[in-house]
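Keeping their order, the protein sequence lines are chains A and B.
Residue numbers for the first sequence follow numbering that gives the first Met the number 0, beginning at 0 and rising by one.
Residue numbers for the second sequence follow numbering that gives the first Met the number 0, beginning at 0 and rising by one.
Just so you know, these hints were derived from the structure itself, not from any lab.
It should be emphasised that the depicted structure is a prediction, and the values quoted were computed from it without experimental measurement.
Certain hints may be false.
As the list claims (entries may be wrong) - A few chain B residues that face chain A, going by a derived Cβ cut-off under 7 Å, partial list only: (1) R159; (2) L160; (3) K162; (4) A163; (5) F165; (6) N166; (7) L167; (8) G168; (9) I178; (10) P181; (11) L182.
Where is the CB? At the ideal position from N, CA and C, for every residue including glycine.
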Amino acid sequence: MLELKNINLSLGEFKLTRINLKILSGEYFALLGMSGAGKSLILEMIAGMIKPDSGHVFLNEEEITNKKIQNRNVGIIFQEAALFPNKTVKENLAFPFNKKKIAKKKIEQRVLEIAQLTDVNNLLDRMPETLSGGEKQRVAIGRILALNPQVILLDEPLSSLDAGKKNDFTALLRKINRQGITMVHVTHDYHEAVSLANRIAVIHNGQIEQTGTPKEIFHRPNSKFIADLSGIKNFYTAEIVDENTALLENVVKITLPKMEDKERGFVSFKMHDVVISLNKMQSSICNQFEGKVIDIVKLTQNIEIVVDANIKIMASITYQSFENMNLEIGKTVWIGFKATAVQFISKTVD
Amino acid sequence: MKKPETFNLLFIALGGVILLFLFAPLVGMIFKTPLNDLFSTAKEQEVQKSIILTLLVSFCTTLIFAIAAIPLSYLLARKKFTGKKLIMGLISLPIVIPHSAAGIAILGFISRDTIIGKIGASLGLNFVGSSFGIGLAMAFVSLPFLINAAVDGFLSVPVRLEKAAFNLGANSFKTFFSISLPLAWRSILSGLILMFARGMSEFGAVVIVAYHPMITPVMIYERFSAFGLKYARPVAVIFILISLLVFIVFRVFSNKSKIIKIRP
Chain A
0 MLELKNINLS
10 LGEFKLTRIN
20 LKILSGEYFA
30 LLGMSGAGKS
40 LILEMIAGMI
50 KPDSGHVFLN
60 EEEITNKKIQ
70 NRNVGIIFQE
80 AALFPNKTVK
90 ENLAFPFNKK
100 KIAKKKIEQR
110 VLEIAQLTDV
120 NNLLDRMPET
130 LSGGEKQRVA
140 IGRILALNPQ
150 VILLDEPLSS
160 LDAGKKNDFT
170 ALLRKINRQG
180 ITMVHVTHDY
190 HEAVSLANRI
200 AVIHNGQIEQ
210 TGTPKEIFHR
220 PNSKFIADLS
230 GIKNFYTAEI
240 VDENTALLEN
250 VVKITLPKME
260 DKERGFVSFK
270 MHDVVISLNK
280 MQSSICNQFE
290 GKVIDIVKLT
300 QNIEIVVDAN
310 IKIMASITYQ
320 SFENMNLEIG
330 KTVWIGFKAT
340 AVQFISKTVD
Chain B
0 MKKPETFNLL
10 FIALGGVILL
20 FLFAPLVGMI
30 FKTPLNDLFS
40 TAKEQEVQKS
50 IILTLLVSFC
60 TTLIFAIAAI
70 PLSYLLARKK
80 FTGKKLIMGL
90 ISLPIVIPHS
100 AAGIAILGFI
110 SRDTIIGKIG
120 ASLGLNFVGS
130 SFGIGLAMAF
140 VSLPFLINAA
150 VDGFLSVPVR
160 LEKAAFNLGA
170 NSFKTFFSIS
180 LPLAWRSILS
190 GLILMFARGM
200 SEFGAVVIVA
210 YHPMITPVMI
220 YERFSAFGLK
230 YARPVAVIFI
240 LISLLVFIVF
250 RVFSNKSKII
260 KIRP
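This is chain A alone, in the form it adopts within the complex (with noise of 0.2 Å):
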């Protein structure tokens, strides 16, 4: 198991703080955040770059914290895979062999397994200034699974592939943890966080937001900035004023699930969960408003539909609906959500 205890570190402006996280063996963890978030600082400091100010770092429960970088067993792979450019790829693949004294048959040997494994057994001679993202990252991989590694530390190593080449490339994470080696993978892309991880951690301006299942973390988020990250567009500060009743925005109030307590907290319902009309609805929705067109956003399947009902509320609508109602901006409409649909979050970190 890979542990951060009570991570503190200064970096000029920037402070990482209390940076707590329990990686399991084997799993594939995804550090999520937005860019300046402090994510690669914490890959760094796993991998022995960066000291901490305070706190431990254990794998296996053997403290870490102040090992030599050389000695931790903890491979990891940067953005621009940071291939040795004076290096052929059968160079850069035998590097890590270099220190040990083992017999260079072996080495070959042993070049030509992770080669294979990694798919670039047909570019071992060639210069990484010819390879492409892809290919890159596939020599970078291989090289750091000549140390044998315990874990693997991936910073953001699907933002410089293009579509393709990010899915043979996730592939080939999958295919390498499935052998049992721990992935920390960094990220600001939560489509990559969801597809990849069995655990999450949200980290924002150099604190850990939320660590949960991909589930745990988009279905229940817990701060503004964890709902935008995932896309749900209707967020609110909420106050419950009464069991069933909540003012959004301090300006409109919706019916929700029975609330025991008077909290405040968020809301946040999904924009699929919206429905829009020209009329009033005569249905078992209980929270409908009149408001505005103010936006429309057309997307490939969809179309976004922004109403101004004194708060801004976002629906999800097929292209047929947006036709059949004749919608435009500055078109009066009904929108509405059921109750059931919304989900108040009480604990507030933003």
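Model the placement of chain B on the given structure of chain A, informed by the hints.
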């Protein structure tokens, strides 16, 4: 026909003035020197010895000082420490101070009554009036060219590559010799050539530390002051041609060294 732009015409004219200023005196000197004089001067043993001494001392000085100057450049490029800017400024100081003043400073440092001079004397080395003294004077004025080029070279190597090497188990020595040095090599080589070229053309500092054995710039001066322009000119022409030849050979060699594209 397309009318040439005023901008281009103006810049070409200004550039032409500079080129004329640089080349006209050299070309004029070469054309003013009769071939007979050139051949007879080239045959003089004193001249031959002087040219060989100049090239050899400058070459050896460059190599010997590079052993310590390259690691210093690496430290300056990579490490953060108090007084770094001051050190960088001091390194470039020999470029701006009069070289005769530099010669006096070196003489004060290596003369027989100083600690260094005494240590040298106990080892049978006399720095003043010897090839060693010439080498020290050349190094003093030419080291900034090597150090500045090497610092630039190391700065162009992404720190991330060195971090990757450490992460792959390499120690600092292996990382330096297999990653940092090869990737900065082109700049370092350029610095080595500049240091060598600057060293062999040095007059001001060398003439104070060691008039004898006579390097060619001192010989040119001596012949000019004793016998006049006509007598000094053939030695100057021969030295310029040889310097040019050596410089071209080194440049060709450095251009052939592999260009490694470094992306961070």
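Okay, the hints, checked on the actual structure:
Hint status for R159 (chain B) relative to chain A: holds, with the closest Cβ pair at about 5 Å, below 7 Å. Residue-level restraint check for L160 (chain B) holds (minimum Cβ-Cβ distance to chain A is 6 Å; threshold 7 Å). Satisfaction of the interface hint for K162 (chain B) is found here, the shortest Cβ-Cβ separation to chain A being roughly 5 Å, below the 7 Å cut-off. Evaluation of the A163 (chain B) hint against chain A yields a held restraint, the C-beta minimum of about 4 Å falling below 7 Å.
The interface hint given for F165 (chain B) holds, since its Cβ lies 5 Å from the closest Cβ of chain A, which is under the 7 Å cut-off. Because the smallest distance between the Cβ of N166 (chain B) and any Cβ of chain A comes to about 5 Å, under 7 Å, the interface hint for this residue holds. Given hint, L167 (chain B) at the interface with chain A, holds; its Cβ is 4 Å from that chain's nearest Cβ, closer than 7 Å. Taken as an interface hint, G168 (chain B) checks out: its beta carbon lies about 5 Å from the nearest beta carbon of chain A, inside 7 Å.
Annotation: I178 (chain B) was flagged as interfacial toward chain A, and the flag holds, the nearest CB pair being 6 Å apart, inside 7 Å. For P181 (chain B), the shortest C-beta to C-beta distance to chain A is roughly 5 Å, which falls under 7 Å, so the interface hint holds. The beta carbon of L182 (chain B) comes within 6 Å of a beta carbon in chain A, closer than 7 Å, and the hint placing it at the interface holds.
Every hint, counting from the list given before, is met by this structure.
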